[in-house]
Amino acid sequence: MIQHRTCFAKGVTSFAAAIAALGSLSVATGAHAQDPVQGTVGLDAQVAQVCVLGTPNPGTLALGQISEASGARVGRLTTIASQSIQLPGTFCNYAGAALAISASPLAVTATTQTGFVGSVDYTCTISAWGATAATVRTSAGSSSGTGSSATNPAPQETDLTLVVSDFAVSSDDLLQPGAYLALVTITLGPDAGLAASGS
Amino acid sequence: MRSALLLTAAAASFTLVAAGGQAQAQSVTGTVQVNGTVANRCLFVTDNVVLDLGELSLQTGDVAAIGRLDQAKLTSRTATLNGWCNGVSATMAVEAQPIFNTSFTATAPTGFERRIDYTATASAAPASGSVSASDTTVTSGGGSASTTGIFASDIVVSFADAATPAGGRLISGSYSGSVAVTLAPAT
Chain A
13 MIQHRTCFAK GVTSFAAAIA ALGSLSVATG AHAQDPVQGT VGLDAQVAQV CVLGTPNPGT
73 LALGQISEAS GARVGRLTTI ASQSIQLPGT FCNYAGAALA ISASPLAVTA TTQTGFVGSV
133 DYTCTISAWG ATAATVRTSA GSSSGTGSSA TNPAPQETDL TLVVSDFAVS SDDLLQPGAY
193 LALVTITLGP DAGLAASGS
Chain B
690 MRSALLLTAA AASFTLVAAG GQAQAQSVTG TVQVNGTVAN RCLFVTDNVV LDLGELSLQT
750 GDVAAIGRLD QAKLTSRTAT LNGWCNGVSA TMAVEAQPIF NTSFTATAPT GFERRIDYTA
810 TASAAPASGS VSASDTTVTS GGGSASTTGI FASDIVVSFA DAATPAGGRL ISGSYSGSVA
870 VTLAPAT
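These protein sequence lines are chains A and B, in that order.
Numbers given in the numbering used here equal positions in the first sequence, counted from 1, plus 12.
Numbers given in the numbering used here equal positions in the second sequence, counted from 1, plus 689.
Bound conformation, chain B alone (with noise of 0.2 Å):
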């Protein structure tokens, strides 16, 4: 009796071993989770540029034409500036100001002119296709927006339909006018 009950404690003894060494093969996993964003966004590399077109009534030629709106001293040119946005719903919109006399402020006298309309557009580049936004000056406000989406490119404005409100001559002096490309990062 008393050699089967330390045959007993002696298999309870070599249980227990065999449990305690399952017990430290096993692992357990933490987790970090990382987070963040990008808000949308529009910046221009180039913000400014100034156009000096120089003389712009025909000076020669045709006495008829002479005084009158030298049109591709304004069409001829170009104006680059530089600009990204990082967002798909990103729009582009341009607002022109017509070119007027800075110098002769009253009403032109009849047969004269003081101001100058024109169409402006702008155009990016994304990587899907050239997106291009305008606006004339003949109506105030500006242009519809178009949806550049995500580019980082020249922001090319050109100019195209110059011309005075009455196709007369234009009064002498300064003359000054704006165009204004608006990036908007989300509609």
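With the rest of the complex left out, here is chain A (with noise of 0.2 Å):
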């Protein structure tokens, strides 16, 4: 009697199933909206390395008489004044780039006569780019040295400023008359892959 009750509860329990069945049957196929739906456009680009060094300002130097005129040092180098050059708007738009500073003596355009002195050596020195400054200082013996140079962290855009100092000769002597001219190359770039330069 027992085993007869819960057979009958069975059937009633797979009579109810039926029904819950047929009743989701028929919402599975009802009218209902569907979700959302979403279609992507994707946006790739690139952007290369580039550095550009500012215009120097001004783009010469122009020393005038650089032997005393009078005096007891008539004839040999005079004291000159540290010089400034700008070059605003100098960036590069990544990490590691190096600025290096090439420069030749200061040198008379003529033959140098025996007994004076046709060149005259300078520092030139450019902070604010690296933790250290890019600085040269020419060498008579050398027509373009490089010395220290130095390299940004991060991605940077500054003014920068050339200062060119002490300016001396290898022997007090007299110097040579005549044209004097040099030449200062600063370098901005990938390290030894330099991308832009003004002189």
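Computed spacing ranges between beta-carbons, pair by pair: (1) T749(B) - A93(A): 34 to 40 Å; (2) T749(B) - D171(A): 21 to 27 Å; (3) A795(B) - S96(A): 30 to 36 Å.
Honestly, the hints are just simulated from the structure, not real lab data.
Values in this document were obtained by computation on a predicted structure and should not be read as measured data.
Heads up, the beta-carbon is just placed ideally off N, CA and C, and yes, glycines get one too.
Two independent chains are provided; combine them into the complex using the hints.
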């Protein structure tokens, strides 16, 4: 008798389950809105490494008369004040760009006569690019010396200042008359592969 | 008396035969009703397009502009998705994400940028006329949805107002952004 009741109960349960299943079927086949759908447009791009060295201002240093015009040191190197050249708007859009300077002595364009000196050395320095300044000291024996460079730790945009100072001759002799010329080259770029420079 | 009874019986038999002939001429109709539904639905046929914008910064020209955003690299481009919706209440919405430098993730140094904002507009073409939805990356979140109704067409995504937050120069590296277009069957 107990078994019979149990069987009856199972039969009711199965019937209810069948009704429930039928109910779900009717829901599944009903007209219900679907979920929103999404389309995607991906945007890929790149920005190349680039450096720009600001245009030197002034572009030329005119030192004028560099020998003493009178007094005990007449004809010898006069005191030349430090010179500054601005390079505004200099930038590199990446970290690790090196700033280097090479410079030739301020040398007379004519042949140097015995007893005279025809080459004036000086120091070029640019700070504010890396942790250390880029600097070079010219040497009479080198037409284009390159000193220590400076590397930026992050993308950087700044107004650089080139300071030209410490004018001196190797021996304090009379300066050879004539025109004196020097060339300073500033290079900014990815270390050895230099992308931009100015002179 | 007997004859009269026979006549009555014969008349009754005739009447019964006549009644049986009328019942055979009647017809009846049964009906089967067929019902069905079509759910509101939207679907993308082309759901993914990748635009390679190339170099984003100006490489030549005015020194002051070199390294800054070349807006035309984005605004001159379009991307074409394709999809459809079958309900009159269907809507389309756009959510655009800024283009970020994925190589340089630190805070940009002064004078530089690693983010590009823009406005993306998606245009579908229902028979009743073009429907557009837009979003700007300047503010977070998606743009307002527009009702497209029933349509099956290309969905052209175009770009405008490309700019960096402060007009600075772009940091070198790879950049990535995205535009999501959502088609909703019903509001």
